[in-house]
Each structure stands twice: as C-alpha cells, then as structure tokens.
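S.K.: Use the sequences and the hints to build the structure in full.
Counting in the working numbering, the sequence shown runs without a single skipped number right up to 467 at its last residue.
I should point out that these hints are in silico values taken from the structure, not numbers from a laboratory.
Just so you know, even glycine gets a beta-carbon here, dropped at the ideal spot from N, CA and C.
Wrong hints could be hidden among the right ones.
Stated by the list, open to error - Restraint-style ranges between C-beta atoms, simulated for each label pair: (1) 283 to 321: 54 to 60 Å; (2) 301 to 403: 33 to 39 Å; (3) 345 to 410: 36 to 42 Å; (4) 341 to 413: 38 to 44 Å; (5) 354 to 320: 18 to 24 Å; (6) 390 to 304: 34 to 40 Å.
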Amino acid sequence: MHILYRMLLLIAYFVTFTHCQGGGGSEGADGGGGFGGGGYYGGNGTSCTTDDRQRRSGIILGSVLGGIIGCSFTMHLVYRVLLFLAYFVILIQCQGGGGGGGGGGSGGGGGRGENRGSGASCTTDDCRRRAGIIVGSILGGIIGLSLLVVAIVLGFKYCKGRPLRKNSTFVKVAKSKNFKQEAYDINHFQSGIWSNRYFQYGNWHGPYQLSLSFDPQSMIITGSGSDDVGTFTIHGTYSIETYRMGFTKIYQQGTGNSSENLGHQVTIQLTWNAQNNQFEGKWYVQTSKYHGEDKFELKFDGQHIQTVYEKV
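M.R.: Given below as structure tokens:
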C-alpha cells in the first residue's frame, strides 16, 4: 500500500506538470505595410505541433513503455523510472524564461512587443492527445504491474505447500536411469519401526518414531505415530521400481500441541538416498492459517510386532 500510494502521488504530479505553462517566446514579428504585426500582452508560445515535438513525444512514450516493461518485476525500480520520466516530461513540455521584445515595425507604425508572452501551452488537439497517451500509458502500466504483482503473490501462495505431483504420480517417476537397477537388488520397504525428522522454522524437529506397514500386493503404505505436533495416522503408496514413496499424515485434532495441531494433513514425498541409507524428500502443508514446505528424512530402525493395520 505504501508503494502504491507513492505511485499515485507521482502520477498526480506528472499530470499537473505535463499541462503546465512556462515563459513565452518572442511575440512580435517584423511588421509589414502600414501596421507592424506584433503580439501585445499575450502572444501564445508555440504548441505541440512541430515535427521536433512530435519526435520528442514519441521518445517520451517509448521511454515510458520501455521503462514499465523492463522493470515489470521490481516495483521499487518502477517507481524510480517513473519519477525520472516525470522530470523528463516536465523539462520538455514546459518552456522557461520570458521571450524577447517585439521586432521593430516598418512603415506607419512599429509593432509593440511586451515581455508578457505566455509559455508554450498544449492547446492543440494533437498535443492533448499525445499527453493523454503518455498519462494513459503510465496509468495502464501501473495498473498492469499491480495486477501482475497480485497474481504472482496469489500464485506463490497457492503453490507453496502444494507438491507438483500427486503421490500416485510421484512414485512412478524414476530419478535416474541407474536407479531402477538398484531397486531390484535390495528391498528397502520393510514393515517396522521407522525414525523420522523434519525441518521447519529454521530447525530440525525429531527424530520421532513411527510404525509403517508396506503391502507388496497393493503397494499401499499404512502406519501411525506421533511427534511434537500430535498423534497421526499414515496412508500412502510406494514403488519398488523407482524407490519412492508418497504418503499423507493425518493429525488427530486435540492431541499434542493445540496451537500447531489443526487436525490437518501433511503430504510427504520421499526418494531413496543410497549414500545416506535413508529416504529423503519434502513435506508439504496447506491450511487456512499456514502454507509451508521443507525437508523430511525417514530411516528404518527395526522390525516390530504386527500393527492394527496388518491384523486387519
């Protein structure tokens, strides 16, 4: 809001000074015949009609559009560019200093020149149209940038805490060509007690223990456990070809940390790391109060007695 306010303030100054009038040019031309043709108390300055001014107006418009496009992702830079363009337009549109006196008349009466000529004003329809294009381009650019920033923020908020693939799709994607060969050599999906830890708020949490049961027929994972958030159950899938697993932790509301446990779900996607002899990946959370994702590690601890899931 602070940046938008400063931009709107800048536009107000820009519109005001674009239509300002400076000092006038030379009023009187050398008169011919009986009367000298001289301006008296108000020969208007030149309007925005010459080829030179049209060229400069084109440069201004191109500079504005180029500046907006070039700085589309940096609001702070856009503000500075627009501020520079505002001063640039002011210098071009506003004439300085009073003009010289009228030229001497020839014949009967000399032309009368006074140092009161008004500056060059944007009086023609063509000039006003160009000024409108400039202001409209800046306004449109700022509105477009604002919408772009809003879209980026909303898109980032939507994507944060959400995995790129569903668990069922994730486990089917092989990490490398040589990874499949190892999958047939050793079975790392053993039912038993597993140790896990996750990274959040700049610290590692855990390790905590959980029980996992792998069904080789349906390729389904079930389990349960608890951590510093609360008690949870697990349901997911895995693949012995890619050595990947993806499961969802469902917290039971009313257990553990009441401020952290919202009865929410946590999506976890892991890939086997042969060097560290453990599964590694990320956890993803999206709730009405929190969006986040970070590292997660899972390591086999040992065998265990049949769980409720296995008995059923």
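S.K.: Output the indices of the hints that this structure fails to meet, ascending.
M.R.: 3
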